[in-house]
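J.: Make a model of the complete structure from these sequences and hints.
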Amino acid sequence: MIWKPNVTVAAVVEQEGSFLLVEERESSGAITLFNQPAGHLEAGESLIQAVIRETLEETGYTFVPEWLLGVYHWHSTNNDTTYLRFAFSGYVTDFDPDYVREACIVNADWHDRPQIEALTMRHRSPLVKQCIQDFCAGKRYPLEVLTHYN
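The numbers in the working numbering rise by one with no breaks, and the one at position 76 of the sequence shown is 93.
Possibly wrong hints are sitting among the right ones.
[To be verified] In silico lysine to aspartate or glutamate, EDC-like type, Cα no more than 20 Å apart, as pairs:
hint : residue 1 : residue 2
1    : LYS146    : GLU40
2    : LYS156    : ASP129
3    : LYS146    : ASP126
4    : LYS146    : ASP129
5    : LYS21     : ASP97
6    : LYS156    : GLU33
7    : LYS146    : GLU31
8    : LYS156    : GLU31
9    : LYS156    : GLU83
10   : LYS21     : GLU62
11   : LYS146    : GLU134
12   : LYS21     : GLU59
13   : LYS146    : GLU33
[Unchecked claim] The following label-pair restraints were derived from C-beta to C-beta distances:
hint : residue 1 : residue 2 : range
14   : SER45     : ARG157    : 38 to 46 Å
15   : GLU83     : ARG42     : 24 to 32 Å
16   : GLU161    : ARG42     : 34 to 42 Å
17   : ALA135    : TYR166    : 40 to 48 Å
18   : ASN95     : LYS21     : 13 to 21 Å
19   : ASP97     : GLY46     : 21 to 29 Å
20   : ARG130    : GLY61     : 35 to 43 Å
21   : MET18     : ALA60     : 37 to 45 Å
22   : HIS92     : ASP115    : 34 to 42 Å
23   : TYR166    : ASP129    : 16 to 24 Å
No lab work stands behind these hints: they were computed from the structure. Remember, it's a predicted structure, so these values are computed and weren't measured experimentally. Virtual Cβ for every residue (Gly too), placed ideally from N, Cα, C.
T.: Right, here's the structure in full:
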């Protein structure tokens with residue numbers, strides 16, 4: 018058997034000192050968790066297409082990626098799964114308040130850093146906080162470092 022990590026994408030979006038986060042419920046009756054708009058890379062799409070799609074599906078916002086923020090390797094002991102996350106920073110345009118978000122998404126809203134810090138125990142993964150820290154530290158890589166062949 019060949020081992021493969023789960024490839025995911027995430028959008029780190031900041032406006033006026035607040036970050037766009039989604040509040041999601043993994044299963045019925047479970048507490049809600051906070052994450053950047055994020056999800057899995059699907060067959061046939063580029064990483065950039067994936068992060069634009071995931072942001073729209075989870076928030077109703079159109080995401081415009083400007084930078085690759087970083088590539089993160091994390092193993093979840095909760096589900097024994099390894100994730101390879103490509104995080105992008107950029108901005109959002111066009112908000113559709115009537116967009117029907119994925120069923121697991123309870124809310125999408127803006128949070129400042131003290132609020133995010135207070136929610137640390139309810140972050141979906143340690144990558145939520147790490148990506149925000151990296152964004153605030155000024156980490157940015159040009160999107161041209163990524164190549165997608167059809």
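J.: Give a verdict on every hint.
T.: For each hint, the structure was consulted:
1. LYS146 - GLU40: holds (14 Å)
2. LYS156 - ASP129: holds (19 Å)
3. LYS146 - ASP126: Holds, because 16 Å separates the two Cα atoms, which is no more than 20 Å.
4. LYS146 - ASP129: Since the Cα atoms of LYS146 and ASP129 sit roughly 12 Å apart, the hinted pair holds (cutoff 20 Å).
5. LYS21 - ASP97: holds (12 Å)
6. LYS156 - GLU33: holds (18 Å)
7. LYS146 - GLU31: holds (13 Å)
8. LYS156 - GLU31: Holds, because 14 Å separates the two Cα atoms, which is no more than 20 Å.
9. LYS156 - GLU83: Given pair LYS156, GLU83 holds - Cα atoms ~12 Å apart, limit 20 Å.
10. LYS21 - GLU62: holds (18 Å)
11. LYS146 - GLU134: Holds, at roughly 8 Å.
12. LYS21 - GLU59: holds (14 Å)
13. LYS146 - GLU33: holds (18 Å)
14. SER45 - ARG157: 38 to 46 Å: holds (39 Å)
15. GLU83 - ARG42: 24 to 32 Å: holds (30 Å)
16. GLU161 - ARG42: 34 to 42 Å: holds (37 Å)
17. ALA135 - TYR166: 40 to 48 Å: holds (43 Å)
18. ASN95 - LYS21: 13 to 21 Å: The hinted range 13 to 21 Å holds for ASN95 and LYS21, with Cβ atoms some 19 Å apart.
19. ASP97 - GLY46: 21 to 29 Å: Given a distance of about 22 Å, which is inside 21 to 29 Å, the answer is holds.
20. ARG130 - GLY61: 35 to 43 Å: Holds, at about 37 Å.
21. MET18 - ALA60: 37 to 45 Å: violated (20 Å)
22. HIS92 - ASP115: 34 to 42 Å: holds (38 Å)
23. TYR166 - ASP129: 16 to 24 Å: violated (40 Å)
Of the numbered hints given earlier, the model fails hints 21, 23; all others are met.
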